Amino acid sequence: MRILMITMSLFSIIGCSHAEVQHSNFAVESVADGIYVHHGEHLDIDTGYQGDICNISFIVGSKGVAVIDTGGSLKVGQQLQSAIRKVTPLPVLYVINTHVHPDHIYGNAAFLPKNPSDPKPEFVGHEKLANAMDVRSEQYAKLNERFLHDDAIGSELIKPTLVVKTTLELDLGDRVLVLNAHPLAHTNTDITLIDRKTGTLFAGDLLFIARTPVVEGDIKGLIAEIIKLKSSPATQVVPGHGPVTKDWVVALSNAERYLTVLLNDVRASIKGNVSMEKTMDTAAESERNHWKLFEIANRRNVNTIYPVLEWE
Amino acid sequence: MAMQFQRWFSKVVVAVGLSLSFAANTYAEADPKLWPVMQEAFFAKREMKDVDFIKIEAPRRAESGAQVPVTYSIDNAAANGVVIKKLYAFVDANPIPITAIYHLTDTLGNFQLSTRIRFETDAFVRLVGETADGSLYLASREIRAAGGCGGMVENNESEIRAAAGRIKMNVETPVKVGTPTTATFNIKHIMRTGLQRDLVSQGYVPAFYINKVDFVYGGKPLMTVDVGVGTAEDPYFKFSFIPASAGNLEAVATDNEGKTFSQQYEVKI
Chain B
728 MRILMITMSL FSIIGCSHAE VQHSNFAVES VADGIYVHHG EHLDIDTGYQ
778 GDICNISFIV GSKGVAVIDT GGSLKVGQQL QSAIRKVTPL PVLYVINTHV
828 HPDHIYGNAA FLPKNPSDPK PEFVGHEKLA NAMDVRSEQY AKLNERFLHD
878 DAIGSELIKP TLVVKTTLEL DLGDRVLVLN AHPLAHTNTD ITLIDRKTGT
928 LFAGDLLFIA RTPVVEGDIK GLIAEIIKLK SSPATQVVPG HGPVTKDWVV
978 ALSNAERYLT VLLNDVRASI KGNVSMEKTM DTAAESERNH WKLFEIANRR
1028 NVNTIYPVLE WE
Chain Y
376 MAMQFQRWFS KVVVAVGLSL SFAANTYAEA DPKLWPVMQE AFFAKREMKD
426 VDFIKIEAPR RAESGAQVPV TYSIDNAAAN GVVIKKLYAF VDANPIPITA
476 IYHLTDTLGN FQLSTRIRFE TDAFVRLVGE TADGSLYLAS REIRAAGGCG
526 GMVENNESEI RAAAGRIKMN VETPVKVGTP TTATFNIKHI MRTGLQRDLV
576 SQGYVPAFYI NKVDFVYGGK PLMTVDVGVG TAEDPYFKFS FIPASAGNLE
626 AVATDNEGKT FSQQYEVKI
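Chains as they are written, first to last, in the numbering used here: chain B, 728 to 1039; chain Y, 376 to 644.
To be clear, the hints were calculated from the coordinates, so they are not data collected in a lab. Predicted model only: the values in this text are computed from it and were never measured.
Keeping only pairs whose Cα atoms sit at most 16 Å apart, straight-line, the calculated EDC-like set for lysine to aspartate or glutamate is:
(1) Y:LYS587 x Y:GLU625
(2) B:LYS869 x B:GLU883
(3) B:LYS869 x Y:GLU404
(4) B:LYS869 x Y:GLU495
(5) B:LYS1005 x Y:GLU432
Label-pair ranges, simulated between beta-carbon atoms:
(6) Y:ASP450 x B:ASP1008: 16 to 26 Å
(7) B:GLU1012 x Y:ASN545: 23 to 33 Å
(8) Y:ASN545 x B:VAL976: 34 to 44 Å
(9) B:ASP771 x Y:VAL627: 36 to 46 Å
(10) Y:PRO596 x B:LEU889: 52 to 62 Å
(11) B:ALA868 x Y:ASP573: 14 to 24 Å
(12) Y:LEU570 x B:LYS998: 32 to 42 Å
Footprint (simulated), chain Y over chain B, 3 or more residues, beta carbon under 8 Å:
(13) 861 to 869
(14) 1000 to 1006
(15) 1019 to 1028
Even for Gly, the Cβ is constructed at its ideal location relative to N, Cα and C.
Next up, chain B with everything else stripped away, as it sits in the complex:
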């Protein structure tokens, strides 16, 4: 609905906070002074996937711009770049990937310099990101080709040139971003960051709002990181998927609740000799009505965590 509103509104309001700027069906929302967020659609990576399903953000300082995730294809990355150009002529200094998943990283190539003399941004990620990208490159390339067809062309994997081991500060000119690397949680490559100037926290896929949270790395680690995020000094949070919110402690608690119910249900199944197949039908049932894409995402979470929890 909101996107529709944005698309219908043809105002191109630049530099005005809480305005919306739209470019070739690539809507961005201004959520704080100099912070813009594009919301992808809540789609699974399956038939119908168009490379634009997660939140993609950019932050404008006095010297330049930081991009937070680039979408799932070169095309989406280019749309993001055009959206940035509508807002500021300043150079993109940093391209940050919150983790390795394909919907967040395959637009990176749009930010490579067009001419050798152009300045090159730093590509920023978790210290394990480059390796994780390598390990998955073949599978992700196939997946992109299969679902994105022509849009997959040129969506090259661009690895980090600057890594986050624990924390890292990036200065965009009159605003500093503080990046944090996390242990195994959503994936083994998760980073979050906060814009000190506005207190906007970018949680990456440690937080899903509306869409069912996804566990790939370690459910216990993910719950632990979500709990830690609750003590962040944030004023608002941009999740990896879903709307930006000032009610972020509630949002974190919702994700924590789903994951805890899921963990407890799967543990109970294993203890009671209930098979993984049956558990996929029953685990976290009480959460079904609270989340989008529940059926597929919840079943997949069970499929991921059950074989691991069998060895607890």
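Based on the hints, put chain Y in the right spot on chain B.
Coordinates of chain Y only, in the frame set by chain B:
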């Protein structure tokens, strides 16, 4: 036995080449053209009959290609005198299509086994049953396996080695003589395919996998599984058997590096 399986693996190489050339065409659903080629590679010039008495239960759409749960069964009454001694399980679009070969005994009764297998992409599970006289019977089931991207977290090599071979066994109670009884076997093992790139050397990470599990009950062979890398990480077999008396259920597993792992489970009646 091991030799035979190796011979099979060399045939696999032929089939691999074929399956890859097909896979290069991006298709959205499982490709029915793969199997005739593979059947010829594995069972050259032998007849094979499609049957209903061999059954495959599986999700139509797999949530994660890394751990796809499947249940195989043989309905002895419907088989009408056909006694399957060997069951070959293939995923026909995998780079290494054979996932396991099950050597069966009468003590299993109506064969029923659940396991978890790997899917590279959409594919058919093909189960080929073979009798003592070499007659072949086929059951097939299509599984869509898109979207899953789990099972690729890099691990610590020494931890993998230290954990490899840990076994968990369970037999559901109460157990009654002459009645189907469910046993579960899990073994911790990374099950490396040998097709993964080594990021440092740019070569391949050597295959490292459980290649065989022997199940024995009361000193008599119950089932032998020749395990392939199409079996998912931490191999899992849940199957039923018919105990004639109380006894020990023993499992002896070996890996492709020659290590042996074993465990016993005392079944009380």
